Amino acid sequence: MSAKSKSIEEKTDFNQDERLKKVSKLRLLLNRPELGALGGAILVFIFFGIVAGDTGMFSAYGVLNFLDVSANLGIIAIAAAMLMIGGEFDLSIGSMIGFAGICIAIPAIYWGWPLWMSIIFAFSMAVLVGYFNGILVVRTGLPSFIVTLAMLFILRGATLAITRLITGRTQVPGLRVLIENDPIAWIFATDSFKWIFTWLGSMNLIALRTDGTPLATGIPPSVIWFIALAIITTWILMKTRYGNWIFASGGDKNGANNVGVPVGRVKISLFIGTAVAATIFATIQVLDAGSADTMRGTLKELEAIAAAVVGGCLLTGGYGSAIGAAFGALIFGTVSMGIFYTDVDTDWFKVFLGAMMLIAVIFNNYIRRKVTESK
Amino acid sequence: MSEYLVQFNNISKFFGKVIALKDVTMKLKKGEIMCLLGDNGAGKSTLIKTLAGVHKPDEGEIIVEGKKTVFDSPKDALDMGIATVYQDLALVSLMSVTRNFFMGREPMKGPPFLKTFDIEKANKIAAERMGQIGIDVRDPSQAVGTMSGGERQCLAISRAIYFGAKVLVLDEPTSALGVHQASVVLKYIVKAASQGLAVILITHNVHHAYPVGNSFTVLNRGKSLGTYEKKNISREKLLSMMAGGEELNKLEVELEEMNRASNN
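Just so you know, the sequences run in chain order A and B.
Per the numbering used here, residue 1 is the first one in the first sequence, and the count goes up by one each step.
Per the numbering used here, residue 1 is the first one in the second sequence, and the count goes up by one each step.
So that you can see chain A by itself, here it is in the shape it has in the complex (with noise of 0.2 Å):
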């Protein structure tokens, strides 16, 4: 008896069980959250590839094409994936989207503001609604589920009603003659690397119009601020003090507390994100089209939560990527832009956005249970 409770002792040390279990670089990489999303979009590049693949949808008009509508979606996913990261949702960035629209027009067209002010005016408004939001979630401790949900039924009916009583329409046309000279709009206004695509056209690279100017004249503003996003807020979430917070809050809210990391103020900052993206999101659309819309943005809170999900953000908080809500953005855009270029019917697009949430919420939950499970 003692001979055997001496060996027993002397393995007290966890080192003996920690052998047991080799974790193959394999496992590290599935562990990372974006990983499904990658995989998804190199699937979803071939299949165009394969189906699509001489019918101009990869000319670079095609791509900038399809890349504009998944940078616009990528936005505001990107910040939606951060709050979601943090633990919370906002159900009200589509009716944002349709606020910050108007909250540009009708001071720019009705009141004589020059457009940069009312550019601002819209964007000091996201940071009042973020910010709102949050302090209502933090304060009361309801779901934010419920609180946005409140929001995007206020917001959108606001926006509906202040525009039809200022302006007794619903829409507000007549931007595109103020972008010219102003000194904010040109950031979410102007095409970039123009010079590439006169050289590429000059060279007869890439196709022309009759007037021998290319098709794609430059990388459209959405790509651009998608792409600094994308970068900021992965350097936020894997490099800064704060992107461990947001870990942590949306992981265990009251064990974060116990160690000293500020929710509340974390969690606020996530929502006033939220708004702030659904701005852009709202003044690169507004400044496109030259009118704001008071629909515009309808259910894209939905889309963006999707293509957040499916870059690998858990609904319950505390795991996933921006990087992987940006795969999740382009691949939701290249298929909804790519079906145009095949034989499929486009009402299938949903049915396929569906279907993608699905298997990605799955294969993420699967992958939850890998990285929490004990030995």
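None of these hints come from the bench; they were simulated from the model.
Be a bit skeptical, because a hint or two may be false.
[Claimed, not checked] A short, non-exhaustive set of chain A residues, derived as facing chain B with CB atoms under 10 Å:
| hint | residue |
| --- | --- |
| 1 | GLY255 |
| 2 | GLY260 |
| 3 | GLY264 |
| 4 | LYS370 |
Being a predicted model, the structure only gives us computed values, none of them experimental.
Virtual Cβ for every residue (Gly too), placed ideally from N, Cα, C.
Mind docking chain B on chain A? Use the hints.
Frame of chain A; chain B shown alone:
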């Protein structure tokens, strides 16, 4: 400088008419492990929260390193070196060992305004600290969720020590653990004490407390039944002093009688 690292003298706490704690006194020297024993409802949780600065005592005084102190918040207690490891451990299972270890107190590097979380340094310290207690974290970026209960407990304690704890208050550190895991945690607690920390180990398990404790304070219905040096009290005596002891004896007698009755 007093011979005691920390003293809690005649601590009382009332919630309205309810007397949660009455005249509880505890004194700890460096390197001492005091076990606080008590059944459910004995006032253990209230006492922990008073030690941690969550509750302010209504009567009595707290003396840390010879100086009388009042804790206005948990942060005050922490600043004085009194670190409480609660049962939920304040660990996020989806986050890595390193990110948990430094949660809320991340080491930074880089120029002002562009400071980044120094992951390399954090990884090194976390792996080193865990190594010291015999937990081989080959990959400090692995999620805490993959660790066993004992390892998590050790991580939480190790974190408290790293961030300057002088007095460790441990709330039921072994209650959710199996025999083997519990023994590892207890071993680590002894090791921490031998390095000069004072440890208040709160538990209802005499079998876990007796081997490691230097002294034992028994709480019953909000009152201290006294503090005993290990040499002055036996495990059985401790057990019977806790409310459960007496009742278990009674139960034993009753069962015997029932047995006799059914045999007849």
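Hint-by-hint comparison with the structure:
With a cut of 10 Å, the hint placing A/GLY255 at the interface with chain B holds, because the nearest CB-to-CB distance is about 4 Å. The closest approach between the C-beta of A/GLY260 and any C-beta of chain B is roughly 4 Å, which is under the 10 Å cut-off, so the hint is satisfied. A distance limit of 10 Å between C-beta atoms decides the matter here; for A/GLY264 the minimum to chain B is near 14 Å, and the interface restraint is violated. A hinted interface residue such as A/LYS370 counts as satisfied when its beta carbon comes closer than 10 Å to some beta carbon of chain B; here the least separation is about 9 Å, so the hint holds.
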